[in-house]
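Line by line, the protein sequences are chains V and H.
Residue numbering for the first sequence follows this note's numbering, starting at 1 and increasing by one per position.
Residue numbering for the second sequence follows this note's numbering, starting at 1 and increasing by one per position.
Calculated directly from the structure, the hints in this document are not laboratory data.
Do not take every clue at face value.
Because identical chains share one entry, a pair is satisfied inside a single copy or across any pair of copies.
[Unchecked claim] List of simulated lysine to aspartate or glutamate pairs, DMTMM-like, C-alpha gap at most 20 Å: (1) Lys121 / Asp194; (2) Lys144 / Glu120; (3) Lys144 / Glu49; (4) Lys121 / Glu109; (5) Lys121 / Glu30.
Everything numeric in this text was worked out from a predicted model, so none of it was measured.
Number of protein chains: 2
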Amino acid sequence: MTYQLFYWPGLQGRGEFVRLVLEDVGAPYEDVARGPGGLDRMRAVMRGEGGAPLLPLAPPFLRADDLWVSQTAAITSFLGERLGLAPADEQGRLTARSLALTIADVVAEAHDTHHPVAVEKYYDEQREVAQARAASFRASRMAKYLGHLERTIERNPAGVLAGSDVSYADLSAFQVVDGLTHAFPRAMARLRPDLPRLHALRDRVAARPRLAAYLASERRLPFNLHGIFRHYPELDDPA
Amino acid sequence: MTYQLFYWPGLQGRGEFVRLVLEDVGAPYEDVARGPGGLDRMRAVMRGEGGAPLLPLAPPFLRADDLWVSQTAAITSFLGERLGLAPADEQGRLTARSLALTIADVVAEAHDTHHPVAVEKYYDEQREVAQARAASFRASRMAKYLGHLERTIERNPAGVLAGSDVSYADLSAFQVVDGLTHAFPRAMARLRPDLPRLHALRDRVAARPRLAAYLASERRLPFNLHGIFRHYPELDDPA
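Next up, chain V with everything else stripped away, as it sits in the complex:
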């Protein structure tokens, strides 16, 4: 079977967390909205047309034959547990699910650094508040979240977030580290000495053969000013 991923074209966004899982396991998938007519197909599902049993509020959402699931962390845990990219034991699965949600939280906060007032308005309309919110994010939230991932890895002899091998949660951690490094290069350089295990895990994920091939391919879109992780130099640490 071929999975169908529905996500906005032209940006990594939250869809990227799903892509990483599909690419790592080598699952055949259609990136629906990137194909001809795909955006219309995606919007039809969001209007409740076409018989999907679930009404998605927003992309990403996924079809796996007759099963549909939406919300990034629900999709990645579904795929990871189904495709062998999750811990096998129940505690490991619960830990991975908990961490996937913690990562979703930091992703949402990273988004809000450039949209602190209103998601429906442009960055330029909320630039001043964005600087205050980004300052708080860099000064306390980033260290809190990333330090938590670091400590979690430190407690696990396997050097991963959950279980005994790389899981979908680790792929999401990779994406967050790379995304934050793109958006806040100076702040991430400042924090780097405190996060050796997280960066080692990031490198380990990036070196997995299928992921390395994906990351070097044209399917991996570059970070840009439409996604979650945006590089506005004025939102980073002062030079």
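Since chain V is already given, all that's left is putting chain H on it; use the hints.
Relative to the frame of chain V, chain H by itself:
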């Protein structure tokens, strides 16, 4: 066995979503941090002491014998699926999980109406921005999220969010409706004519015998200015 719920005492907060599930199924549980010495026990787990296999970043987290899970939506889906308060079929479970995360998103946005700049600062220090963020929340986000729940219920002949009977997702929807009604009574009154099915579901949940008893008990804390759903009249629709 007795479940152990770890959450800050003195406020409903995100812990309430877990309490509602435990109360509805009649599961024995200890609300750890509300008991003598409980706050210290909770903080010890967060420091990684005491042998829990999972390091929680923040409350709520839950212990079920040897299993530990953190993050509100991960806890409620774990409990709901284990205790018969979730759809039995796989699609129903995926739908409930997706919706639990959508509800977590609106909860986070409701929180950010009073803390749009920095979670570590007081409301009074970000009151002006809070008014702009709350205006956006009331004008577009509330209707988007709640309208989505309304349409989801409308598509289901059972009149619930997922599956054929009330699930943990519906209990979370109840809490969001009551929380938003407390925080934004005027905005919620304005939206009410567009949300008949969501309000009917809210009433149906509140009338479940164990929940009705819980809601009338002293265990149910009142909404206050420490939780997520805070009533600051200046953040609501103009009178």
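Homo-oligomer pair classification [Glu49, Lys144; C-alpha up to 20 Å]: between (42 Å within a copy, 18 Å between copies)
Status of Glu30 relative to Lys121 across identical chains (alpha carbons, at most 20 Å): Result: close neither inside a copy nor across copies, 31 Å intra and 45 Å inter.
Lys121 and Asp194: within-copy, between-copy, both or neither at 20 Å Cα: Result: close neither inside a copy nor across copies, 36 Å intra and 25 Å inter.
Up to 20 Å CA-CA - Glu109 versus Lys121, copy category: both (17 Å within a copy, 16 Å between copies)
Identical-chain pair category, Lys144 with Glu120, by Cα at 20 Å: Close across copies (12 Å), not inside one copy (28 Å); limit 20 Å.
Comparing the model with each earlier hint shows violations of hints 1 and 5; every other hint is respected.
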